[in-house]
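Protein chains: 2
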Amino acid sequence: MNLDSLIDSIQNFEGVTRKKSIENVTNLLKDVYNVSGETLLAFGDDASAIDIGDNTVVLVAADGIWGKLMDADPYWAGYCSVLVNVNDIAAMGGKPIAMVNILSIDNEKIANEVLKGIVEGCKKFNVPMVGGHLHPDSNYNSLDVSIVGIAKKDHLITSFGATVGNKVLVAIDLDGKQHDKFALNWDTTFHKSPKLVQDQIKVMKTIAEKDLITAGKDISNPGILGTLEMLLESSSCGAIVELEKIPRNSDVSWEEWLKIYPGAGFVLTAKEENVDSVISLLKKYSIETAVVGEIIEDKKLFLTYDNQKKLLFDQEKNPVIGLSD
Amino acid sequence: MNLDSLIDSIQNFEGVTRKKSIENVTNLLKDVYNVSGETLLAFGDDASAIDIGDNTVVLVAADGIWGKLMDADPYWAGYCSVLVNVNDIAAMGGKPIAMVNILSIDNEKIANEVLKGIVEGCKKFNVPMVGGHLHPDSNYNSLDVSIVGIAKKDHLITSFGATVGNKVLVAIDLDGKQHDKFALNWDTTFHKSPKLVQDQIKVMKTIAEKDLITAGKDISNPGILGTLEMLLESSSCGAIVELEKIPRNSDVSWEEWLKIYPGAGFVLTAKEENVDSVISLLKKYSIETAVVGEIIEDKKLFLTYDNQKKLLFDQEKNPVIGLSD
Chain A
1 MNLDSLIDSI QNFEGVTRKK SIENVTNLLK DVYNVSGETL LAFGDDASAI
51 DIGDNTVVLV AADGIWGKLM DADPYWAGYC SVLVNVNDIA AMGGKPIAMV
101 NILSIDNEKI ANEVLKGIVE GCKKFNVPMV GGHLHPDSNY NSLDVSIVGI
151 AKKDHLITSF GATVGNKVLV AIDLDGKQHD KFALNWDTTF HKSPKLVQDQ
201 IKVMKTIAEK DLITAGKDIS NPGILGTLEM LLESSSCGAI VELEKIPRNS
251 DVSWEEWLKI YPGAGFVLTA KEENVDSVIS LLKKYSIETA VVGEIIEDKK
301 LFLTYDNQKK LLFDQEKNPV IGLSD
Chain B
1 MNLDSLIDSI QNFEGVTRKK SIENVTNLLK DVYNVSGETL LAFGDDASAI
51 DIGDNTVVLV AADGIWGKLM DADPYWAGYC SVLVNVNDIA AMGGKPIAMV
101 NILSIDNEKI ANEVLKGIVE GCKKFNVPMV GGHLHPDSNY NSLDVSIVGI
151 AKKDHLITSF GATVGNKVLV AIDLDGKQHD KFALNWDTTF HKSPKLVQDQ
201 IKVMKTIAEK DLITAGKDIS NPGILGTLEM LLESSSCGAI VELEKIPRNS
251 DVSWEEWLKI YPGAGFVLTA KEENVDSVIS LLKKYSIETA VVGEIIEDKK
301 LFLTYDNQKK LLFDQEKNPV IGLSD
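From first to last, the protein sequence lines are chains A and B.
Taking UniProt numbering, the leading residue of the first sequence gets 1, the next gets one more, and so forth.
Taking UniProt numbering, the leading residue of the second sequence gets 1, the next gets one more, and so forth.
No lab work stands behind these hints: they were computed from the structure.
Idealized CB from N, CA, C, for every residue including glycine.
Keep in mind that a hint or two might mislead.
Cross-link-like lysine-lysine pairs, in silico, DSSO-like; alpha carbons within 30 Å at most [claimed, not checked]:
1) Lys284/A x Lys245/A
2) Lys152/B x Lys123/A
3) Lys30/B x Lys195/A
4) Lys95/A x Lys202/B
5) Lys124/B x Lys68/B
Each pair of labels, with its calculated beta carbon distance range [claimed, not checked]:
6) Glu14/B x Asn27/A: 30 to 38 Å
7) Lys152/A x Lys181/B: 43 to 51 Å
8) Ser280/B x Gly322/A: 48 to 56 Å
9) Asn27/A x Lys152/B: 36 to 44 Å
10) Gln308/B x Asn27/A: 55 to 63 Å
11) Lys181/B x Lys181/A: 36 to 44 Å
12) Asn27/A x Lys283/B: 36 to 44 Å
13) Lys68/B x Lys68/A: 53 to 61 Å
14) Val164/B x Lys181/A: 49 to 57 Å
15) Lys153/A x Ser280/B: 33 to 41 Å
16) Thr163/A x Ser280/B: 51 to 59 Å
All chains should be modelled from the sequences, with the hints used to inform the complete structure.
Spelled out as structure tokens, the structure:
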């Protein structure tokens with residue numbers, strides 16, 4: 001394997017490059033993200049947290065489903081709309097409590113498949129779809145889902161807490177398969193029991209409440225290292241990651257593996273003394289976790305392999321989001 | 001004015017007829033709206049309510065902005081995305097705490113205008129836009145916003161509580177103007193101070209906490225009487241409404257007035273002894289309220305005018321949503 005070409009491939013991966021467009025939106029909205037004074041976290045986390053008193057926060061996140069997925073497999077798109085949102089709340093150490101959806105349809109058959117997928121997802125994750133809005137006469141098909149959760153204010157997992165010397169962990173369910181039409185969709189939940197899948201969500205809350213990690217983020221479109229870079233940007237630090245320590249299902253090549261969107265996968269940072277507890281807690285629920293590197297002060301993400309050390313992301317030159325200013 | 005033609009016009013109004021498409025969606029999702037056992041209300045309310053304990057509920061609602069509004073006036077579409085969502089929470093007697101948006105764009109100029117409108121709306125209503133999701137490469141422009149609020153479990157305003165003999169009230173801010181491009185958009189907030197606009201939201205919470213009404217709903221796309229019919233369907237009852245008692249700005253014809261989407265407007269039901277308190281509380285904040293009729297057992301909405309009494313909606317034959325089964 002050639003480290004240079006792997007790095008080039010990740011840097012130019014659509015899941016990474018698409019994130020840059022957020023910068024303009026967040027710049028325009030930064031004036032109003034905390035207009036009421038009750039928003040706890042800045043942009044850049046899996047969900048936002050609103051302080052409602054009594055050590056309780058309400059978490060809110062939203063995800064739009066990619067048009068290509070809607071067209072290729074609407075049932076799976078519906079199912080994934082639940083999965084990705086539930087994982088956003090899990091990654092905050094929260095309990096998902098409800099979702100709403102906005103569905104635009106120009107084709108009733110596709111809409112029905114999407115809704116059946118949503119129903120399956122709600123049952124699998126035990127999170128209700130409580131309402132939404134329908135555009136019955138649109139000239140495209142799209143699905144947006146928002147989720148709400150609750151968490152303890154003093155036991156939130158955020159993307160902002162990584163500090164120099166922390167270990168970097170990648171936690172991922174290796175028991176899965178690539179989607180027939182989307183090789184980068186690493187399905188680890190559809191064939192599993194609702195109980196195990198729900199336990200994978202709950203264990204993140206346990207880890208949060210035991211204060212075992214300093215930061216954490218759900219692995220999403222930018223892949224394992226793109227997601228880690230987003231966490232590093234939020235935490236204003238860098239990391240050195242040893243490629244071969246990243247847990248991987250060996251049926252999948254490194255190039256694909258680093259870009260997959262897993263059914264259950266997180267990048268975490270922790271103090272060394274808590275690493276073993278995190279690993280053993282997650283292992284109970286089919287999530288394989290390993291220390292893959294360490295947080296450094298320099299705001300760069302380096303990847304090492306076979307005695308080489310290469311720069312993957314540099315927050316000055318090629319950030320994934322570029323929120324820092 | 002001809003009552004028959006007015007009735008015909010409302011029955012065939014797009015804002016009313018479009019709502020029927022919801023039926024298929026709600027039928028498919030009804031299995032999962034309460035999968036966790038914590039959802040308090042059935043489909044059909046302005047927002048859903050999730051019990052989080054301690055007499056607190058989290059309210060969640062979602063609204064998509066109509067494509068035609070996005071194209072004609074993207075700034076106003078952004079502003080309205082805040083307004084309609086905030087009103088959904090007000091109509092539940094709740095406090096809006098945060099919004100998220102999902103924006104799909106094929107045109108950066110339009111997106112910027114939308115975002116500027118959102119910023120203005122957030123400042124006006126003092127509700128933060130805390131995050132969202134961006135589809136930077138879509139081939140259409142669309143904006144969906146979800147809102148979260150909190151309310152007291154034992155002081156919720158719902159659409160389900162109207163009972164026979166209750167008075168029907170229409171509460172609406174008459175100090176406004178029709179949008180230049182959308183005559184049915186009755187703007188009552190843009191020119192008002194943030195304080196007054198926010199007080200209009202808060203007074204609904206006060207009315208809820210004083211238990212002054214039995215049911216309430218935010219006047220939205222189906223207009224004043226279409227919205228009332230939705231409330232009647234949720235409450236499984238009917239009403240007789242006297243047209244000329246509905247508060248109206250006389251610059252606007254009855255036909256348009258009954259279809260407008262107001263900046264601040266609600267249909268409410270209350271016991272007779274509480275009617276005066278409701279009217280005087282709302283009057284303080286520029287909302288004109290009047291008793292326009294009474295709840296009846298027969299699941300029909302009748303409209304009277306000039307000694308005529310005509311049937312507008314019949315839940316058996318031409319409901320607006322048709323949730324009852």
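Against the structure, the hints come out as follows:
The hinted pair formed by Lys284/A and Lys245/A meets the criterion: a straight-line CA distance of about 20 Å does not exceed 30 Å. Of the supplied pair hints, the one linking Lys152/B and Lys123/A holds, its CA atoms being roughly 28 Å apart against a limit of 30 Å. Taking the CA atoms of Lys30/B and Lys195/A, the gap is about 22 Å. The hint holds against a cut of 30 Å. A C-alpha spacing of about 29 Å is found between Lys95/A and Lys202/B, which places the hinted pair at or below 30 Å, so the restraint holds.
Straight-line distance between C-alpha atoms of Lys124/B and Lys68/B comes to about 24 Å, which keeps the hinted pair within the 30 Å bound. Between Glu14/B and Asn27/A the Cβ separation comes to about 37 Å, which falls inside the hinted range of 30 to 38 Å. Separated by about 47 Å at the C-beta atoms, Lys152/A and Lys181/B satisfy the suggested range of 43 to 51 Å. Range check, Ser280/B to Gly322/A: Cβ separation about 53 Å, and the 48 to 56 Å hint holds.
Checked against the hint of 36 to 44 Å, the pair Asn27/A and Lys152/B passes, with Cβ atoms roughly 37 Å apart. Between Gln308/B and Asn27/A the Cβ separation comes to about 58 Å, which falls inside the hinted range of 55 to 63 Å. Distance hint check: the CB atoms of Lys181/B and Lys181/A are about 42 Å apart, consistent with the given range 36 to 44 Å. Between Asn27/A and Lys283/B the CB atoms are about 42 Å apart, so this pair conforms to the stated range of 36 to 44 Å.
The beta-carbon spacing between Lys68/B and Lys68/A, approximately 26 Å, falls outside the hinted interval of 53 to 61 Å. For the hinted restraint 49 to 57 Å between Val164/B and Lys181/A, the CB-CB distance of approximately 55 Å keeps it satisfied. Checked against the hint of 33 to 41 Å, the pair Lys153/A and Ser280/B passes, with Cβ atoms roughly 39 Å apart. In this structure the supplied range 51 to 59 Å holds for Thr163/A paired with Ser280/B, their Cβ-Cβ distance being about 57 Å.
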